[in-house]
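Please work from the sequences and hints to get the whole structure.
If you're matching positions, the sequence shown starts at 40 in the working numbering and goes up one per residue.
Be aware that a few hints might be false.
Derived lysine-lysine pairs resembling BS3-like cross-links, with alpha carbons at most 27 Å apart [what the hints assert, rightly or not]:
(1) Lys307 - Lys277
(2) Lys385 - Lys327
(3) Lys358 - Lys312
(4) Lys78 - Lys197
(5) Lys358 - Lys197
(6) Lys327 - Lys260
(7) Lys276 - Lys327
(8) Lys78 - Lys358
(9) Lys307 - Lys363
(10) Lys363 - Lys78
(11) Lys358 - Lys385
(12) Lys324 - Lys386
(13) Lys307 - Lys358
(14) Lys324 - Lys276
(15) Lys327 - Lys312
(16) Lys266 - Lys307
(17) Lys384 - Lys324
(18) Lys215 - Lys266
(19) Lys109 - Lys136
(20) Lys276 - Lys307
(21) Lys260 - Lys197
(22) Lys260 - Lys363
(23) Lys266 - Lys78
(24) Lys78 - Lys260
(25) Lys324 - Lys260
(26) Lys197 - Lys363
(27) Lys260 - Lys358
(28) Lys78 - Lys215
(29) Lys260 - Lys215
(30) Lys197 - Lys215
(31) Lys307 - Lys327
(32) Lys363 - Lys327
(33) Lys324 - Lys358
Think of the hints as simulated: they come from the structure by calculation, not from any bench.
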Amino acid sequence: MSYCDISNAEHPMLSYEIALQEALSSVVSSPQVESMLLKDSLGRVLASDIYSPMNVPPFSQSAMDGYAFKAADLSSYQSLTVTGQSLAGHPFIGEVKQGQCIRIMTGAVLPAGCDSVIMQEQVETDGEEVRFQATVSQGQCVRACGHEYEQGELVLEKGCVISPRHIALLASLGCKSIDVFTPLTVAIFSTGDELVELGQPIEQGQIYDSNRYSLIAQLAKLNYLVKDYGIIADCPKKIEAAFTRANNEADVVITSGGVSVGDADYTKEVLEKLGNIEFWRIAVKPGKPLAFGYLSDSVFLGLPGNPVSAMVTFDKVAKPVLQKLAGEVSSTSLLQTAIVSSPLKKKAGRLEFQRGFASTNDSGELSVISTGSQGSGMVGSMCAANCYIVLPQEQGNVEAGEAVLIELFAANLA
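Rendered as structure tokens:
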């Protein structure tokens, strides 16, 4: 993949909307295409539109167990005579004459000469005679040929992520293999002398590197290939070497830590040497120190070091960028209105994604309660939550009983 070169002399703090728009408008998607078996395609991105190769259903069929007949016959006959049966996979072969009907099962071919089906619960039988106990209308309980899809009709659009329901649909069309985009390769590493690898003892002032493992998990759920470079010490030469390697091996480089204003935060400094920074501060809480830019052959995303900030910025900025690069058509976040059950503290100036737990109250209304302290280092607040409470940039404190917007967690965070 190749990427455009963007240079900015200054990096003012951008609103979330402007930052995301700039990032999405600057990246270019050009993934390779490969063919793969449908049964192996779960989670992959469809590389071309798919049109139905046939009518669905391919023949008119019964939607119920019952009796197939011609509706016009009921004006001349008080009862109809059963003259055969049509089973799924074993259609009736023969002629259905006036005054006759066919015993039929769900999914079976509607015999020639019949245009309607009545449920077996709505008739009385006397030997081979069937008397109807309900009013009928022409075409009832029938799935007409091509009712769902006509031959040549668009079924799935390029860019959709293949789910189990998509696999079921494509299998019903006889698609044994499909064209998909090759998955992105994403290189990740954390920076910071305070970080310790899991399984190692920690000393005073040290913490375990949770961000890298969170990123690996979220990227795996998005079906990307991950190259894990581990923990890189706060050393410009080592960080530069990691960037150089990642640029050669990956489509996207994501780091955690090293993009704030601390004296030992070298990531931004090295990136300015090796590539270009488009922005590195956004008006979001948690997650203000977020860097976005380019190396020579890869996109760079520098996430904050605080765990919650890293998760939020990955979900709200990095993920949409990755989805575009992967050829995926991403969906718009669904915001819902909920009544907040307790006061929320908020200062105007930044868009906030506070963590909350949403449920339906006794009145049937959607309500939400804060998970408590909203510190950006408190991973437990994410585990206790099932949604973001989305508070606009200009919003101040919120009182209990007021309406707020919430966004239920996406699959990669659930």
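Cross-check of the supplied hints:
1. Lys307 - Lys277: 14 Å, holds
2. Lys385 - Lys327: Since the Cα atoms of Lys385 and Lys327 sit roughly 15 Å apart, the hinted pair holds (cutoff 27 Å).
3. Lys358 - Lys312: Given that 27 Å is the threshold and the Cα spacing comes to 26 Å, the pair holds.
4. Lys78 - Lys197: 18 Å, holds
5. Lys358 - Lys197: Holds, because 19 Å separates the two Cα atoms, which is no more than 27 Å.
6. Lys327 - Lys260: Measuring from Cα to Cα gives roughly 25 Å; hence the hint holds.
7. Lys276 - Lys327: Holds, at about 26 Å.
8. Lys78 - Lys358: 26 Å, holds
9. Lys307 - Lys363: 24 Å, holds
10. Lys363 - Lys78: OK: Lys363 and Lys78 at ~25 Å, within 27 Å.
11. Lys358 - Lys385: 26 Å, holds
12. Lys324 - Lys386: Measuring from Cα to Cα gives roughly 10 Å; hence the hint holds.
13. Lys307 - Lys358: Given that 27 Å is the threshold and the Cα spacing comes to 21 Å, the pair holds.
14. Lys324 - Lys276: 31 Å, violated
15. Lys327 - Lys312: Since the Cα atoms of Lys327 and Lys312 sit roughly 22 Å apart, the hinted pair holds (cutoff 27 Å).
16. Lys266 - Lys307: 21 Å, holds
17. Lys384 - Lys324: Answer holds: Lys384 to Lys324 is near 12 Å, not above 27 Å.
18. Lys215 - Lys266: Violated. Lys215 to Lys266 sits at ~31 Å, over the 27 Å cutoff.
19. Lys109 - Lys136: Judged against 27 Å, a Cα distance of about 9 Å means the pair holds.
20. Lys276 - Lys307: OK: Lys276 and Lys307 at ~13 Å, within 27 Å.
21. Lys260 - Lys197: Holds - the C-alpha atoms of Lys197 and Lys260 are around 20 Å apart, at most 27 Å.
22. Lys260 - Lys363: At roughly 16 Å apart (the allowed maximum being 27 Å), Lys363 and Lys260 satisfy the hint.
23. Lys266 - Lys78: Since the Cα atoms of Lys266 and Lys78 sit roughly 26 Å apart, the hinted pair holds (cutoff 27 Å).
24. Lys78 - Lys260: 18 Å, holds
25. Lys324 - Lys260: 25 Å, holds
26. Lys197 - Lys363: 12 Å, holds
27. Lys260 - Lys358: Holds, because 11 Å separates the two Cα atoms, which is no more than 27 Å.
28. Lys78 - Lys215: The hint holds at about 8 Å.
29. Lys260 - Lys215: 24 Å, holds
30. Lys197 - Lys215: 17 Å, holds
31. Lys307 - Lys327: Judged against 27 Å, a Cα distance of about 14 Å means the pair holds.
32. Lys363 - Lys327: 23 Å, holds
33. Lys324 - Lys358: 17 Å, holds
The structure fails hints 14 and 18 (numbered hints given earlier, in ascending order).
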